[in-house]
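Here is what each chain is made of, one letter per residue.
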Amino acid sequence: MGRDSNMAWFQKKSEAVPTPDASKPASTRAPNAMKVSALLGEETVLFPAEGQDKAAVLEALVSAVCRRAHISDFSPFLAKVLEREQGISTTLDTGLSLPHARMDSIDGILAGMAVLKKPLPDPKQRDLSIRVVFLFFSPNKKDAFGLHLQLLRGVSSLFQPALIDQLTAASGPAAALELVGKLEA
Amino acid sequence: MLTFISFWHAGAIVLCDLASTAWYIGGIVETAIGPAAPWFIAAVMIFAAPVLGLYVEGSSMFVRGGVYKVVREAMGSRLAKVSVSALMFDYVLTGAISSVSAGQYLAGLLNSALPRLHIHWSVDPKLFSVVFALAVVAYFWRQNIRGIEESSDKAVKIMSLVGVMAAVIFAWGAYTISVRGFHWPSFETRFTPESLGWLASGQWHKRIGVLGLVIAYGHAFLGMSGLETLAQVYREMEAPKLVNLKRAALLIFFAALLLTGSVCFLAEGLIPAAVRGQYTDNLLSGLAMSMAGPHWALLCLQAFVVLVGVLILSGAVNTSIMGSNGVLNRLAEDGIMPEALRHLHPRFGTTHRMIDLVVILQALTILLCRGDIYLLGEAYAFGLIWSFVFNAAAVLVLRFKDRSPRLWRFPLNLRAGGFDWPIGLGLLFLVLLSVGLVNFATKKVATVAGLAFTAFFFVLFTISERINRRAAARAGEAHQDKFNLRQADDLKILREEIDKPNRVLVAVRDPNNLYHLNKILETLDSETTDLVVFTSRIRTGLGLVDETVEMDHEETNLFTKVLAAAEKHGKTITPMLVVSNEPFYAITQAAQAVGASEVAFGVSAKLSTDAQLERLAMTWGSLQQDKKPVRFRIIGPHVEHAVDL
Numbered sequence: 001m002g003r004d005s006n007m008a009w010f011q012k013k014s015e016a017v018p019t020p021d022a023s024k025p026a027s028t029r030a031p032n033a034m035k036v037s038a039l040l041g042e043e044t045v046l047f048p049a050e051g052q053d054k055a056a057v058l059e060a061l062v063s064a065v066c067r068r069a070h071i072s073d074f075s076p077f078l079a080k081v082l083e084r085e086q087g088i089s090t091t092l093d094t095g096l097s098l099p100h101a102r103m104d105s106i107d108g109i110l111a112g113m114a115v116l117k118k119p120l121p122d123p124k125q126r127d128l129s130i131r132v133v134f135l136f137f138s139p140n141k142k143d144a145f146g147l148h149l150q151l152l153r154g155v156s157s158l159f160q161p162a163l164i165d166q167l168t169a170a171s172g173p174a175a176a177l178e179l180v181g182k183l184e185a
Numbered sequence: 186m187l188t189f190i191s192f193w194h195a196g197a198i199v200l201c202d203l204a205s206t207a208w209y210i211g212g213i214v215e216t217a218i219g220p221a222a223p224w225f226i227a228a229v230m231i232f233a234a235p236v237l238g239l240y241v242e243g244s245s246m247f248v249r250g251g252v253y254k255v256v257r258e259a260m261g262s263r264l265a266k267v268s269v270s271a272l273m274f275d276y277v278l279t280g281a282i283s284s285v286s287a288g289q290y291l292a293g294l295l296n297s298a299l300p301r302l303h304i305h306w307s308v309d310p311k312l313f314s315v316v317f318a319l320a321v322v323a324y325f326w327r328q329n330i331r332g333i334e335e336s337s338d339k340a341v342k343i344m345s346l347v348g349v350m351a352a353v354i355f356a357w358g359a360y361t362i363s364v365r366g367f368h369w370p371s372f373e374t375r376f377t378p379e380s381l382g383w384l385a386s387g388q389w390h391k392r393i394g395v396l397g398l399v400i401a402y403g404h405a406f407l408g409m410s411g412l413e414t415l416a417q418v419y420r421e422m423e424a425p426k427l428v429n430l431k432r433a434a435l436l437i438f439f440a441a442l443l444l445t446g447s448v449c450f451l452a453e454g455l456i457p458a459a460v461r462g463q464y465t466d467n468l469l470s471g472l473a474m475s476m477a478g479p480h481w482a483l484l485c486l487q488a489f490v491v492l493v494g495v496l497i498l499s500g501a502v503n504t505s506i507m508g509s510n511g512v513l514n515r516l517a518e519d520g521i522m523p524e525a526l527r528h529l530h531p532r533f534g535t536t537h538r539m540i541d542l543v544v545i546l547q548a549l550t551i552l553l554c555r556g557d558i559y560l561l562g563e564a565y566a567f568g569l570i571w572s573f574v575f576n577a578a579a580v581l582v583l584r585f586k587d588r589s590p591r592l593w594r595f596p597l598n599l600r601a602g603g604f605d606w607p608i609g610l611g612l613l614f615l616v617l618l619s620v621g622l623v624n625f626a627t628k629k630v631a632t633v634a635g636l637a638f639t640a641f642f643f644v645l646f647t648i649s650e651r652i653n654r655r656a657a658a659r660a661g662e663a664h665q666d667k668f669n670l671r672q673a674d675d676l677k678i679l680r681e682e683i684d685k686p687n688r689v690l691v692a693v694r695d696p697n698n699l700y701h702l703n704k705i706l707e708t709l710d711s712e713t714t715d716l717v718v719f720t721s722r723i724r725t726g727l728g729l730v731d732e733t734v735e736m737d738h739e740e741t742n743l744f745t746k747v748l749a750a751a752e753k754h755g756k757t758i759t760p761m762l763v764v765s766n767e768p769f770y771a772i773t774q775a776a777q778a779v780g781a782s783e784v785a786f787g788v789s790a791k792l793s794t795d796a797q798l799e800r801l802a803m804t805w806g807s808l809q810q811d812k813k814p815v816r817f818r819i820i821g822p823h824v825e826h827a828v829d830l
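Respectively, the protein sequence lines represent chains A and B.
Each residue of the first sequence is one higher than the one before, starting from 1 at the first, in our numbering.
Each residue of the second sequence is one higher than the one before, starting from 186 at the first, in our numbering.
Please note that a few of the clues may not be correct.
Unchecked claim - With a straight-line cut-off of 27 Å between C-alpha atoms, the simulated DSS-like cross-links for lysine-lysine are: (1) A:K142 x B:K813; (2) A:K182 x B:K753; (3) A:K142 x B:K704; (4) B:K812 x A:K35; (5) A:K142 x A:K182; (6) B:K431 x B:K753.
As the list claims (entries may be wrong) - Coverage of chain B stretches by chain A, computed from C-beta distances (three or more under 8 Å per stretch; other residues unrestricted): (7) 315-322; (8) 456-467.
What the hints assert, rightly or not - Okay, the calculated beta carbon distance ranges per label pair: (9) A:A174 x B:K685: 19 to 29 Å; (10) B:K813 x A:D53: 34 to 44 Å; (11) A:S129 x B:V428: 55 to 65 Å.
Bear in mind the hints are in silico, worked out from the structure with no lab data behind them.
For glycine and all other residues, C-beta sits at the position ideal for the given N, C-alpha and C.
With the sequences and hints as input, model every part of the structure.
Take a look at the structure:
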């Protein structure tokens, strides 16, 4: 598996996330600043055609993410993320779906995003509509779990309805990336 | 919010009753046993130390303790009901005698002061004291309906004033002694036929000398009235509970000994024999007027003594209402009180019908005694001594029945044959039993009235228990506390109650899985940290809209156990129930609304720890308005995860 700039970012960040000191209240520790846009590339931002279900969107995303990371066989990644999808919901009220999985075979974060022009009903919660899917894989290591959670929090914090509205109106991957990057700047 | 009180507050509540006897015990005991009264009163006040020790051991075993709980654990429900019925008699009489005595003091002051002001008008002490007593009882009825926190603040203020008065009396008394000298009271006991009761005909006290001592001692026993309240306020005591219980016991002992013991000696030594008779019902007024100094200064001192007396005696009424409410609540928890009496006040959340019942009985007693302090004094102490006897017997029996380690043990335990024989407890029980049996024969009014009252309450409790047991068997329910719910559409309303620098939210769901709550309570500093204990009711569709503010059976059961845990640790909590369609959103919204810097969960049987944290991180980010960091903790037996975001 290859490395790119995202991996360097991750390793640097992971060093900055020690095990919490239980003697100190959370308010004395600053949260990590997280650049979600740095995890994405144009080739991992998809605008799937209408009529696809969530499983198809996930398969396309996993494929794109693995291709970018030079991983030839994406099936274990897809299987893991679909297995996770069977558990507690990854879709939020904002219209963001955040499929994720922790993989033994990677050392950094792999991420991709799908923007759905037409909302997709969430298969587990039919009253929720998915408008953006942000998928990521993180290393299945004990000391990386904090970062995994920070990314979940950071992405769900970033993708508020206003950004999602703008993304669904974006012309393509480059414009979508620019919108995310601009909001984070 | 469930709050707790300091040992100062707890001590002040108990002392309001225990120390208030100083205002009337001297006159009553002297009438009963003669000039040796101060010696026996002092002996009783010293004996309060081991009795307090008995209550420390008993209370440390059961947070919601008191004589009922301890006796029931040791000797069964029937004897527990007898003991608590007797104790109720003591509480009812405490309210009556204290408020009537306050009225007597005030009447005495008016009758002394009015002629000096050229107002030739006097009040009938008995009629005045009855009217005044009813007013005091009505006032504290209202205070107790509003809750313990408010009334314990008043108790502390009253005791502070008592401290000032004691200092003035002792200093003035020392000056008077230096001017006029002092005669120690004689050891002579002078019984009346009334004070010997059924033993008068046989002159048994003359045949058996030690019996006379026990009779005299029994008459002075009312000096310890109010001490049982220590067990009732233990539930409300803040952490560290046992340390604060011991501190409160020491405070109570020394304050009561110093005040009640000393003023009786001063009164006996300084009030001239010629005028002593006119101060039988207001002995401390007599002491004030017998000091050395100009008449106007003595009148001022009397006014001060009366003012403080009125306050502390009124405080004793408060203590008796509070203590009896505590006792009745223990009974209610065991399904012995009628269900209707457990109803909570819609605004203040207090068991107002139980308070109503006690206050009505006190008012009836005040009306029936017609302001006769000696009659009340004669009837008094029946419930007190028998609740002590039962309690001592129960703690003693529990030493044999339950050999698990105690947080604190009454001293004098002899190790033999692999068992610590409770010699100290055994001796204490024998002394209490002797006094109880002798009082039974000598205090006719107490025995007849006490037995009738005890029988009445025993029958009431037994019938209620049977009715409740049948109802519980039909519903298959265990004990549940009663809760008042305040409804709010916006969780931010909590900010009004939560003002400490740190806020922790603990999510609970399963009443049998409160390990994480207990772990948090163990280390929680209630001075600096607000703890919100949260549960959510998950509803969807119309069920979400039509929710009413009533807890269901499972929620009540859950919060009953949450409150028990908080009481055990003596830590303040704010319970919260949120109706939502998604539990993680509910937790997140609640935690963010209160500004929590830490959110704790138990280990879920359904979800993995990772899945819980992942879902929470997502909802947290989705709803977060600021960048304030938070710590998530998942705590279980042998498991603890903490993640900072």
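Results of checking the hints against the structure:
For the suggested pair K142 of chain A and K813 of chain B, the alpha carbons sit about 24 Å apart, so the restraint of at most 27 Å is met. Note on K182 of chain A and K753 of chain B: the hinted pairing is violated, with a Cα-Cα distance of about 54 Å set against a maximum of 27 Å. Using a Cα cut-off of 27 Å, the hinted pair K142 of chain A and K704 of chain B holds, with the two alpha carbons roughly 24 Å apart. Restraint check for K812 of chain B and K35 of chain A: the C-alpha separation of about 15 Å stays at or below 27 Å, so the hint holds.
The straight-line distance between the Cα atoms of K142 of chain A and K182 of chain A is roughly 32 Å, outside the 27 Å bound, and the hint therefore fails. Taking the CA atoms of K431 of chain B and K753 of chain B, the gap is near 16 Å; set against the 27 Å cutoff, the hint holds. Given a C-beta distance limit of less than 8 Å, the hint that chain A covers the segment 315-322 of chain B is violated, as 0 residues qualify and 3 are needed. Under a criterion of three residues with beta carbons nearer than 8 Å to beta carbons of chain A, the stated coverage of the segment 456-467 of chain B fails, only 0 such residues being counted.
Taking the beta carbon of each, A174 of chain A and K685 of chain B are about 50 Å apart, not inside 19 to 29 Å as hinted. The beta-carbon spacing between K813 of chain B and D53 of chain A, approximately 38 Å, falls within the hinted interval of 34 to 44 Å. Evaluation of the 55 to 65 Å hint for S129 of chain A and V428 of chain B yields a pass: the beta carbon distance comes to about 58 Å.
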